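These protein sequence lines map, in sequence, to chains A and B.
Numbering follows my numbering, in which position 71 of the first sequence is assigned residue number 71; successive positions increment by one, without gaps.
Numbering follows my numbering, in which position 46 of the second sequence is assigned residue number 46; successive positions increment by one, without gaps.
Hints in this document: simulated from the structure, not taken from any laboratory.
Owing to the predicted nature of the structure, the values given are computational and were not obtained by experimental measurement.
Don't be surprised by glycine CBs; every beta carbon is placed ideally from N, CA and C.
Take these hints with a grain of salt, some might be off.
What the hints assert, rightly or not - Label pairs and their in silico Cβ distance ranges: (1) Ala92/B <-> Cys125/A: 16 to 22 Å; (2) Ala189/B <-> Ala143/A: 28 to 34 Å; (3) Glu176/A <-> Met116/B: 45 to 51 Å; (4) Arg80/A <-> Val90/B: 25 to 31 Å; (5) Leu192/A <-> Ala92/B: 45 to 51 Å; (6) Pro195/A <-> Arg117/B: 38 to 44 Å; (7) Ala83/B <-> Arg171/A: 47 to 53 Å; (8) Glu118/B <-> Thr189/A: 38 to 44 Å; (9) Ala88/B <-> Arg80/A: 48 to 54 Å; (10) Ser161/B <-> Asn13/A: 26 to 32 Å.
To be verified - Straight-line C-alpha distance at most 16 Å; calculated EDC-like pairs for lysine to aspartate or glutamate: (11) Lys74/B <-> Glu107/B; (12) Lys25/B <-> Glu72/A; (13) Lys10/B <-> Glu40/B; (14) Lys82/A <-> Asp45/A; (15) Lys82/A <-> Glu72/A; (16) Lys157/B <-> Asp234/A; (17) Lys10/B <-> Asp113/B; (18) Lys157/B <-> Glu72/A; (19) Lys82/A <-> Glu43/A.
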Amino acid sequence: MARAAVIQIPGVNCEYESARALERVGIEASILRFNEPASVLSEFDAFVLPGGFAFQDRIRAGAVAAKLPTIERIGQEAERGKVVLGVCNGAQVLVEAGLVPGIHPGRVELALAPNLAPRRQGYLCRWIHVRAGEGPGRATFAAPLPADRVVPLPMAHGEGRFLTADPEVLRIVDDEGLALFRYVAPDGTPALGYPDDPNGAMLQAAGITNRAGNVLALMPHPERAAVLKHVPLDLAGPWGEARRAGVGSFSALEGPGPGGFLFESLALRLGAAPRAAAPGRRG
Amino acid sequence: MSAVLLVRLKIPDLTALTALDAGRKLLPQGYELTRLVREELVLFEPSPGVSAGEFEPALAHAVETSNFFVNPNKERYRLLRAAERGPALVPAEGSWGILARSRSGTEDLGLLDRLMREHPLRGLRSIRRARIWWLWTRGPEGDTDADRCYPALGPVKSTASGLLVNPHSEGWLRLDSPVSWSRIEAFLAEPASAALEPA
């Protein structure tokens, strides 16, 4: 059975729903404390750095956690091809650790800067839409998604703006499809500003992978949209319609939600034995 | 010339303590980080042709009586009036610093709106913000040896080097000797350097 470690760093708060989303697709998930011996990590096939506020975001979000021996070891495991997913605060850790985009190994090449939107500052929590492009990370993180599929996901961050001051890094991220997930309008057209683009990220990036495609830093929270009951009743579009139609049906509400694709993709990549799929929409 | 407000916690600053702990692990052997202080710098720019002295009395009142800038239960502050602040920002004895600002701009429009709504200050054009990390380091020879400690504690380059600034989102200015206020004003007012090198 494929095994994933969900790393519990002081201050994270999404470890349990991340583990549940993995278990749901047949991946055995263990919540592992950040100070476990690093050698334990070699027993796992994949690693998830969940969302939250590691070390209370002191200095900068992800900056302190990025220096942990555990993260260094996860970087070594990623070099061996193991899969690493960082969601929200986990993405901030991966960026501060230089694992994404990892163009020049060991160098920090991006920042996740405070959100930038007209006359708006700070933390933003709502649903947005993303689309997966073509890139080295698609087979690992978006395999079940048709190319043109628009996916609604919840976001909740104050520092989610992917940014680089290095034009060469920007060019490579764009040219090589490392910005696997980009914010789009609900109809799939490019997000040309707030609110479709919630934070002003370069390339409207919501998620960026490394060149090998096995490490993803993703700002929206797929684990908070893993099942249909996670979808708000007032969400527009097909997922909102499915949610409203599912009212009163336990089996429908426990079926896959819009973020489920990512975990299904991981299960495919890791060769996990899928559990019997509950009814519900796939997307 | 601008008026300057410097604010720091008077209760234990857990962010600074965490930075102290993380920074100590990054220093080369034989080097010490003995103290670290985080201070917020707020710059009040006068409109063209106006002296900061025109709004400073009202600003001092606003700082003292509002909760926009300072919570007196946990913070202390110094309001440096333009005419009295001296020519340069001088690091405290034995310390050096890093002044960090957002690459996306330093103006705090929301704070300006709120201040002007509740404490109208004639002649105030903008409010800019930055952060200072004050560091007390000691090298093997007993001096601060900021040059050797700076790569470990300054702009992050890798997990093994750099901590307090992410150069992709922040611009920064080293403060290891007195730095003129005019240079600090320019550093905050001008667009951040495109280069990944220090200002």
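Violated hints, by number in ascending order, as checked against the structure | 1, 2, 4, 6, 11, 16, 17
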